[in-house]
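Number of protein chains: 2
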Amino acid sequence: MRTVTIHPAAITHNLHEVKRRAPQSKVLAMVKANAYGHGVSAVLPALAEADGIGVAILSEALEARSLGWDKTIGLIEGVFSEDDWHTAIKHDIGCVIHHQPQLDWALASAPPADSATRTVWLKYNTGMNRLGFDDTALISAATALHAAGYQLILTTHFANADVKAHPLNAKQIQRFTDMLAYLQTHISADIQGSLCNSAAIVSQPEHHFDWVRPGIMLYGGSPITEASAAELSLRPAMTFASQVIAIHTVKAGDAIGYSSLWTASVDTRVALISAGYGDGYPRVIDSEADVVIHGQTKAHCCPIRGRVAMDMMVIDIEAAGDDIRLGDTVTLWGDAPHVDTVASYAHTISYELLCRLSPRATRQIH
Amino acid sequence: MRTVTIHPAAITHNLHEVKRRAPQSKVLAMVKANAYGHGVSAVLPALAEADGIGVAILSEALEARSLGWDKTIGLIEGVFSEDDWHTAIKHDIGCVIHHQPQLDWALASAPPADSATRTVWLKYNTGMNRLGFDDTALISAATALHAAGYQLILTTHFANADVKAHPLNAKQIQRFTDMLAYLQTHISADIQGSLCNSAAIVSQPEHHFDWVRPGIMLYGGSPITEASAAELSLRPAMTFASQVIAIHTVKAGDAIGYSSLWTASVDTRVALISAGYGDGYPRVIDSEADVVIHGQTKAHCCPIRGRVAMDMMVIDIEAAGDDIRLGDTVTLWGDAPHVDTVASYAHTISYELLCRLSPRATRQIH
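Residue numbers (UniProt numbering), protein chains in the order written: chain A, 1 to 366; chain B, 1 to 366.
To be clear, the hints were calculated from the coordinates, so they are not data collected in a lab.
Repeated chains share a single entry, so a pair holds when one copy, or any two copies, can fit it.
Capping the alpha-carbon separation at 27 Å, the derived lysine-lysine pairs in DSSO-like fashion look like this:
#1 Lys171 to Lys251
#2 Lys251 to Lys164
#3 Lys90 to Lys71
#4 Lys164 to Lys26
Starting from the given sequences, assemble the full structure and let the hints guide the process.
As structure tokens, this is what we get:
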């Protein structure tokens, strides 16, 4: 048994936290990568109060439309071909334009005047050096798009927003602010701005501009290194759980599992649980990694021993006495341990764990 | 664009390699964890010549039955409840029995005489210390099951078969061989044995016994540290590919992506590709990690620069001159780079990369 339970009420709560922090801004809720692994169909109803959703690729946009999402959709990598541009127009999808071919397609085929695709998210490279136009090309693109009847949202992306004091943040903010002012003065006062991902929503409250783009915070993960999700009043939107399938005692001196990574120093009672990296739990973790087993009388925080395998892992339940029985529920991440904590065991970020869940677990909504 | 292409001909070839190495043994082809991420429905036709398939959990067994697999199914974690035991009987699923409750369920409710569930895979703990009975309990379980009319396959699992010279291997083989001889002498000469996973199929040819249980080698990954997949004549069964979605030049001194991990020492032409950890590519990789871009005239092995993001990554194409264009296909793993190589960049094994693919990529069979 392995289950992934999605909590829509937590997502709505987290959306309210975004709105509380950015009350003057519209919210583009990021649901790319299958809503960070939570499932688009499970999260869209919880995001009904968002002003729009953001997706990475066209197929994700079309899925959201097929699920009935009729408000703004922002396609953050834009289209990859001229054919895709026409598909975007057909489905009223607002596109990022970040390089010359996308600009050419937009200028060659303008959408109807009432189309949502008339709003373009024009990507400015302020220091991420990944997507976006540099200064001269951006001004030229904005001028041409405005002349062709497009409404523009200037957008950029932080490289280091998770570390508030990183010196690149101030530089990116300054470049963005200067460019937006230039475009509003020289092209159109109606040009809007969108700068902040989750991290910047929290740490750059004076720079929220017209649209904020929360991602991980909607799902209850902390976007910044300086504060936990709980300190930011964010609630985890997913519980990943399994079950005790066997209990036995490993004798002192015996090793457990692949590569005999852990050896019992004393006779040790262990529980097998039926989840592993084949479900999306990371295989390589620190020795302090733990799970929470919901025993007969209380919850126990218990360490993982040895190598996480494809379909199971071994938990040290010696400290729990007889309170843990066959069939007991095990939280891999959820309220505790928090997915941010599990990510730290694997030297990565919660985003990756959430996205890299395999389809094997049973999915439910609660 | 991100595609996962499964190659059934490679799987059949790899199955033939198993049979060539273990000509006297029956083959239980492991298709747990959605056939190591390849998709059960995609691989079953390629495994038609296997004698049976192995799955981790009951839902996987039922999926295989619903897809028309009518030969042996081995449930390697066994059932988790008495209800599941009855479901196993109903669908002719052969179960591992590795602890007392499973034994109790089997003894309380024997399947009909013609049921495939009458064959039990009795798990012996020879040193993995994860699942299975110790000596005394095993002999007692075998005696009781035989008396109740079950046919038995003694089975165990290696902890360190990937390292041929590991001293635990010889100990596990000795314990297994001794126990099988004891059971055949004292209980029934018909008791069979199953010892070898992929690694042991390759490195322990004298100990193949009645059933071998190949997993990773069916999918073209090397199971041992001493030889590559190519050296073992195994062909990769999956190609994970993406596409160049933008090309630009990063100026000397500028950093790329999240956390500004990589800084260009000279002006550097880079390609953005539309795949990332949201698709299952590992986020944390060594600096030598690379991809193969299929350019206009030839294939180029090009390094990944900066942090792999959720939906994209940046590739250094400076050495490829103008040969790489928008829309070019990029192999993340396949013939080259091999998934074993990518796994080494992430300090893990190919099994994990294959299993932790997300559902986002378009799936195809070729």
